[in-house]
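**Student:** Protein chains in written order, with the UniProt record's numbering: chain A, 1 to 491; chain B, 1 to 491.
Rather than coming from a laboratory, the hints here were simulated on the basis of the structure.
Check each hint, because a few of them may be wrong.
Unchecked claim - Think about it this way: if two alpha-carbon atoms lie no more than 20 Å apart in a straight line, the pair counts; the simulated DMTMM-like pairs of lysine to aspartate or glutamate are:
hint, chain 1, residue 1, chain 2, residue 2
1, B, K396, B, D368
2, B, K396, A, D37
3, A, K225, B, E236
4, A, K110, B, D96
Protein chains: 2
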Amino acid sequence: MLQSIEARTGNAVGERWAESTPSEIDAAVAAAASAADAFAATSASRRAGLLRGLASVLEAERESLVALADRETGLGLPRLNGELDRSTFQLRGFADVLEGGGAHTVIDDKAVAGAPPSGRPRLTRVRVPLGPVAMFSASNFPFAFSVLGGDTASALGAGCPVVVKAHPAHPELSRRTAALALRVIAAQGLPVGVFQFVQGGSIDVGVALVKATAIAAVAFTGSFKGGTALARIAGERARPIPFFGELGSVNPLVVLPAALEKNGVELAGTLAQSICVGAGQFCTSPGVILVLQDAAGDAFVQALAAALRDLKPHAMLSATIRATFERGVAQWRNASRLKPLVDDAGDASAAAPRPFLAETLAADFIDDHALHEEVFGCAALVVRVASIDEAVEVLKAIGGSLTVTLWGADQDAEPTRRLVRTAMQVAGRVLFSGVPTGVAVTAAQHHGGPFPASTQPFTTSVGYAAMDRFLRPVALQDAPAWLLDRQGVPA
Amino acid sequence: MLQSIEARTGNAVGERWAESTPSEIDAAVAAAASAADAFAATSASRRAGLLRGLASVLEAERESLVALADRETGLGLPRLNGELDRSTFQLRGFADVLEGGGAHTVIDDKAVAGAPPSGRPRLTRVRVPLGPVAMFSASNFPFAFSVLGGDTASALGAGCPVVVKAHPAHPELSRRTAALALRVIAAQGLPVGVFQFVQGGSIDVGVALVKATAIAAVAFTGSFKGGTALARIAGERARPIPFFGELGSVNPLVVLPAALEKNGVELAGTLAQSICVGAGQFCTSPGVILVLQDAAGDAFVQALAAALRDLKPHAMLSATIRATFERGVAQWRNASRLKPLVDDAGDASAAAPRPFLAETLAADFIDDHALHEEVFGCAALVVRVASIDEAVEVLKAIGGSLTVTLWGADQDAEPTRRLVRTAMQVAGRVLFSGVPTGVAVTAAQHHGGPFPASTQPFTTSVGYAAMDRFLRPVALQDAPAWLLDRQGVPA
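Just need the whole structure built from these sequences, with the hints factored in.
**Tutor:** Okay, structure coming up:
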């Protein structure tokens with residue numbers, strides 16, 4: 001059963017309702033499949049119109065949606081208004097890309113007379129929508145990574161119907177948002193199968209969706225455990241399908257001496273804020289801080305601990321997420337080679353957690369694989385390194401992350417260059433200033449990275465390249481004029 | 001043990017030698033890993049020089065290589081000379097792309113002042129080489145899909161060291177080619193780890209390679225069975241890696257009335273040749289021929305059968321492949337709802353097979369999943385369809401193929417449009433004239449397609465986009481001037 005829960009109090013609000021039954025899931029998938037051909041054949045500008053319509057309805061209903069989101073997630077009105085802005089910006093950004101022709105980049109190689117290999121037929125490379133996409137909403141961004149978030153926007157933009165699996169941590173907001181989406185789709189005269197919606201707190205709903213024969217791809221943002229389990233199911237289907245999973249990350253941040261010389265205390269404050277923003281419930285939350293073992297490093301760690309001690313994170317998204325955080329921190333607390341620096345257990349049963357920070361040495365961190373796993377929430381590990389080369393080894397041990405942040409790499413020098421090279425091997429995004437929390441929606445963005453950050457490290461779930469996940473290349477050989485014309489290619 | 005076998009006679013030639021031991025495989029992977037950083041840092045023009053050097057050495061040694069390939073594969077001198085031409089064209093084509101800057105396409109989004117979502121930091125999207133690639137050679141193209149074929153060329157072009165797993169059906173040619181490659185690498189002053197070589201007839205060698213921790217991706221061309229088994233292993237690693245597998249295909253070809261009106265008999269002859277070229281040992285060999293149930297269709301099928309009966313395919317690549325073909329044909333021969341049209345068993349133990357053609361009805365084909373599987377060799381099924389819409393259903397049942405060929409789709413009409421749309425959903429390449437055997441090396445080419453044609457349908461193993469498989473995007477946020485400079489981006 002589903003139930004809307006007030007995040008700050010744990011109180012149930014309103015009625016309980018049933019999760020989607022197997023036959024409802026089948027019907028949702030069947031509706032999406034039956035709409036796929038017609039939707040694939042729509043023009044880019046028609047799909048742009050759909051995305052703009054969805055953005056408009058979110059804005060029109062802003063007040064009630066944000067209030068409801070706040071009740072169910074506890075993330076606060078300023079953040080949630082900003083997140084709604086980001087979602088409408090994203091929907092309109094994809095619309096801009098579609099209107100600019102970006103979804104259908106074509107390579108047209110004219111025929112060359114003569115024998116192969118230099119002689120060739122005409123080959124025209126186009127892209128076709130994959131088909132119905134199963135979209136798994138995340139708990140931590142009730143707008144930007146949920147029902148009408150980036151995955152839905154990019155799949156619809158590509159011409160793929162979407163079957164949304166709502167996140168049970170904000171069920172009422174999800175069904176309200178879905179109802180608005182269906183209103184827009186009806187008003188625009190599109191088939192209802194373009195947008196379908198299922199709900200469920202149990203694993204069965206997601207599994208049924210990933211196994212459904214007509215589903216052509218899965219977009220997922222969530223936990224390592226859930227994501228890898230579903231990815232395996234997607235791979236074991238009679239016809240495996242792409243599973244675009246963003247599974248979170250420890251987001252190492254390396255503090256080099258050059259950064260501390262300038263403004264170490266200020267940076268410590270900035271970092272503490274980034275660790276605790278949204279109660280640490282960001283995929284890009286910095287979880288491993290690499291600091292040199294020197295006096296400036298000691299001072300920075302002290303300043304970071306002091307800044308963190310002063311912060312009061314707000315309530316977490318749900319009691320389950322809160323309990324998982326507490327378990328993660330308890331593991332760190334009991335790890336023999338970790339020294340807690342900030343550890344005010346407070347009331348472990350309260351919805352709002354207390355920040356946690358501990359310190360360890362590079363060699364101990366590298367040895368203990370359990371420490372490489374994300375603790376989702378306002379907790380971080382400081383890893384003290386003897387040298388930049390040891391920092392390189394720590395990054396290599398982590399292996400895959402959405403982001404790596406390097407503070408103080410402004411000057412070209414050999415060890416820095418090695419560090420940058422390693423960061424680029426390990427991460428989908430490498431930052432040289434600022435904090436990793438906050439992901440700009442733009443063409444150059446890449447929100448992905450080597451496993452476990454992403455199950456498909458070549459793809460991004462944020463930014464305009466996100467649409468590439470749902471458009472498969474096809475080469476047309478000696479295509480007739482009428483077909484080229486329909487693809488917008490001069491005959 | 002490995003042994004060079006004369007394809008036409010089955011006779012052993014020369015010494016036997018041992019397959020690579022686990023420690024030799026480890027050493028090859030370790031050498032590749034140790035070369036990865038330095039090779040990734042080479043300039044595109046340096047890598048272009050390597051590819052040109054490899055092309056030159058193939059040409060310089062053409063006579064002996066082609067003679068050896070002919071002995072081990074039985075494919076004949078004209079075809080093998082052509083295939084060597086294609087391989088050198090391919091190596092030089094990738095070199096051209098590198099010199100034109102195509103491997104390092106950059107998107108540079110300048111910073112925008114103001115609050116998010118419209119305000120943003122500077123984001124520069126670049127691409128980085130993945131790291132060591134395990135490359136599995138195919139049996140059927142001893143140059144173009146083997147040691148220095150397209151996978152090796154594209155991985156080296158991308159800046160990834162390659163560990164080649166030779167195909168045991170042409171072991172002597174493989175080790176000779178590898179020795180030439182190593183000579184070029186030494187002459188160009190590149191680390192020996194850039195190109196490593198392992199050999200083995202047993203499954204263990206390939207499994208060890210896919211499991212090796214330092215391997216970052218696998219490129220594979222081969223059987224469905226071997227490919228899906230290795231893909232699973234790649235996905236079950238502690239850190240899963242991309243498995244770019246091209247697993248072959250039934251390559252449906254649809255003959256529409258408009259094509260038969262013009263030149264049905266000539267087309268039947270062309271198709272027969274395509275079914276038998278290289279004894280049918282092409283990934284793109286047409287294996288399912290869809291023909292309408294009308295008089296023109298009957299005449300076409302008769303002409304196709306007659307043309308096939310006259311053909312004498314050459315010896316197959318190996319006794320194993322020959323025996324597998326015989327088993328596949330036997331299954332078809334015994335299928336109750338298939339009517340054999342061309343079935344001269346000949347001497348089932350001879351190296352050269354006899355063409356096989358059978359006919360069935362669409363409904364029977366759709367029902368029997370065993371018929372959707374490729375029989376590798378000069379065999380095809382004619383599927384008679386009552387209408388174009390029934391042809392659509394047959395294509396949907398096949399589901400994934402490297403190619404679909406549509407003859408007679410020159411005019412825009414509603415059922416044709418549905419057929420074209422379905423073909424584009426099912427295939428990586430859709431042809432409107434000619435035959436699918438023969439894959440041009442060009443920017444627009446796409447040699448892939450929905451599963452089982454490819455395990456990564458967004459990628460191609462032929463054409464210049466093949467390099468994309470080995471270059472992962474990374475977004476640099478507020479990158480320092482020195483780094484942008486190294487990436488060739490104006491600060």
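**Student:** All hints are to be evaluated individually against the structure, with a verdict given for each.
**Tutor:** Here is what the structure says about each hint:
1. K396/B with D368/B: Roughly 14 Å separates the two Cα atoms, so the pair holds.
2. K396/B with D37/A: holds (13 Å)
3. K225/A with E236/B: OK: K225/A and E236/B at ~14 Å, within 20 Å.
4. K110/A with D96/B: holds (18 Å)
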